[in-house]
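Protein chains: 2
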Amino acid sequence: MSILVVGSAALDTVETPMGKVRDEIGGSAIYFSAIASLYTKVNLVAVVGTDFPREKIQFLEERGVDTRGLQVVDGNTFRWSGRYDYMSNITETLDTKLNVFADFHPVLPEGYEKSDFVFLANIDPDLQREVLEQIPGARLTMMDTMDFWIENKQESLIRTMSMVDIVTMNEGEARLLGKTESILTAAKGILELGPDMVIIKRGEYGCAKVDEGGYFTAPACLLEKVKDPTGAGDTFAGGFLGYLRQVDDMSETTIRRAMIHGCATASFTVEEFGVERLRTLTTEEITKRYQEFYNFSHLHDW
Amino acid sequence: MSILVVGSAALDTVETPMGKVRDEIGGSAIYFSAIASLYTKVNLVAVVGTDFPREKIQFLEERGVDTRGLQVVDGNTFRWSGRYDYMSNITETLDTKLNVFADFHPVLPEGYEKSDFVFLANIDPDLQREVLEQIPGARLTMMDTMDFWIENKQESLIRTMSMVDIVTMNEGEARLLGKTESILTAAKGILELGPDMVIIKRGEYGCAKVDEGGYFTAPACLLEKVKDPTGAGDTFAGGFLGYLRQVDDMSETTIRRAMIHGCATASFTVEEFGVERLRTLTTEEITKRYQEFYNFSHLHDW
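Residue numbers (the working numbering), protein chains in the order written: chain R, 49 to 350; chain E, 49 to 350.
Next up, chain R with everything else stripped away, as it sits in the complex:
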């Protein structure tokens, strides 16, 4: 009963209207694990260089994240540098240095293959398939992606999409892939590729799920201060899959609850730079925010 996550571990330099941080730990696998570990056991696969400050992810190990899959390779950790504009939902990538991430191939340590849920964070779709091949018994698989793979490796991306249960991406990416302004049309196109469910992330507006039965929208909360949107999408996935794994039931109501958990956990991430807010986050705080989400989006209070 655990989730395998394969993605990036990074050192991020981020500038927002609220300030700037340099070489803070980040990366999709780190953000995902920080949240999912509050719900269930997480097995992490990623790569870092010898410069990565391991002590900064000790909080993950304390939450039971298995980090044997975190490869440490001679060289420098993947570095991403970005800036968010005033409206907070546009990211400008200033610099990307793949470093040790360039030669990354995911390898599952012994025992990881027993993970029954898999989250393939945004990495090369070829590598995402390498993971799937190593874990044929997974019961639920979910993948994220980004515009770079849609533009430069679409054939491989589509092959990976056809192999997973749930595909997630943000709405700009869905429009790019579907060549349509309608995220509903775009999501239906993705469903035709094979997955059972598509979740479109809409930044400060929440997210929408599309499947055979129709669609569901989950809201985001209104925030007065967004310090740093980095990692919001990966923590959404962490809350969503973490909750699903914990409850272990794929009913429509559970999936809807899981989406609200995803949006609620993501709302903590953006309150501080990097993973700072997530270090001290508790299950009680998540439960409280979940109820707030329910109350500001439902006709009747909790």
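These are calculated hints, taken from the structure and not from any lab test. Given the structure is predicted, the values throughout are model-derived calculations rather than measurements. Treat the hints with care, as some may be off.
The list treats identical chains as one, so a pair stands whether inside a single copy or across any two.
[As the list claims (entries may be wrong)] Below 27 Å or equal to it, Euclidean Cα-Cα: the simulated BS3-like pairs (lysine-lysine) are:
1) K273 with K236
2) K273 with K227
3) K227 with K68
4) K201 with K162
5) K89 with K162
6) K336 with K236
Fit chain E to the supplied structure of chain R, relying on the hints for placement.
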């Protein structure tokens, strides 16, 4: 038991990715009336030129809209020409000809002063106050505005805001007025000016209400085809205020239901160019879509 609406009547030329129409009837007061009249009695005040095709608003009269307040003045009707980009939520105004609208002063025909609800659509804030002065007994007043008045007549606008119960505007306008990226912060700033409630329209993402008790978000539906977004905001107001007037109760649940009615009615407007979809719209169709909105945004189905 009726709603007074004061706003524009126009001939719109609109281009969207789905096509183009020329000199179609439009304007905030027309769109508002088309929907609100499905809920309650509407008294309309606006101005048109002698070129306005009166037969095209006969459907409003058949729904009981009192059009004695529609002044017909020698000259041409207000004309707006605009284009919507691919993503459908950015409007480019190509041309505006105020024509007879330039010298408009709202005059309430006899009996209109008994309207207990008032909607001041987007017009000069000086004129909005002229209306308020003519109808001191109104029980509920709501106003809309636009970036032009925020930029060019802010002092007058703020004075009008201080006199109404509900202020609505879109999120770009709220950010412009509040000089903040947070629509929650912007809305709180508006509440300090006097109104009891602020409703921020968020286009394809629905809307958010902010008042003393907190906030509520209502979603929009996912559409595969948006033919023409013109009038969506005014029909939101028509569904919202129309429902409130019909139910005549200002409980939190009623206000939330009214917001969903507003979003549901607006979703019909954008399905066709101009007011075409609204001509044949029925109460039964609205009720059905309201339930769809409930179902795609609530944990449990209707």
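Do the hints match the structure? See the list:
1. K273 with K236: between (34 Å within a copy, 14 Å between copies)
2. K273 with K227: between (33 Å within a copy, 14 Å between copies)
3. K227 with K68: between (35 Å within a copy, 21 Å between copies)
4. K201 with K162: Neither: 30 Å inside a copy, 66 Å across copies.
5. K89 with K162: within (12 Å within a copy, 65 Å between copies)
6. K336 with K236: between (34 Å within a copy, 23 Å between copies)
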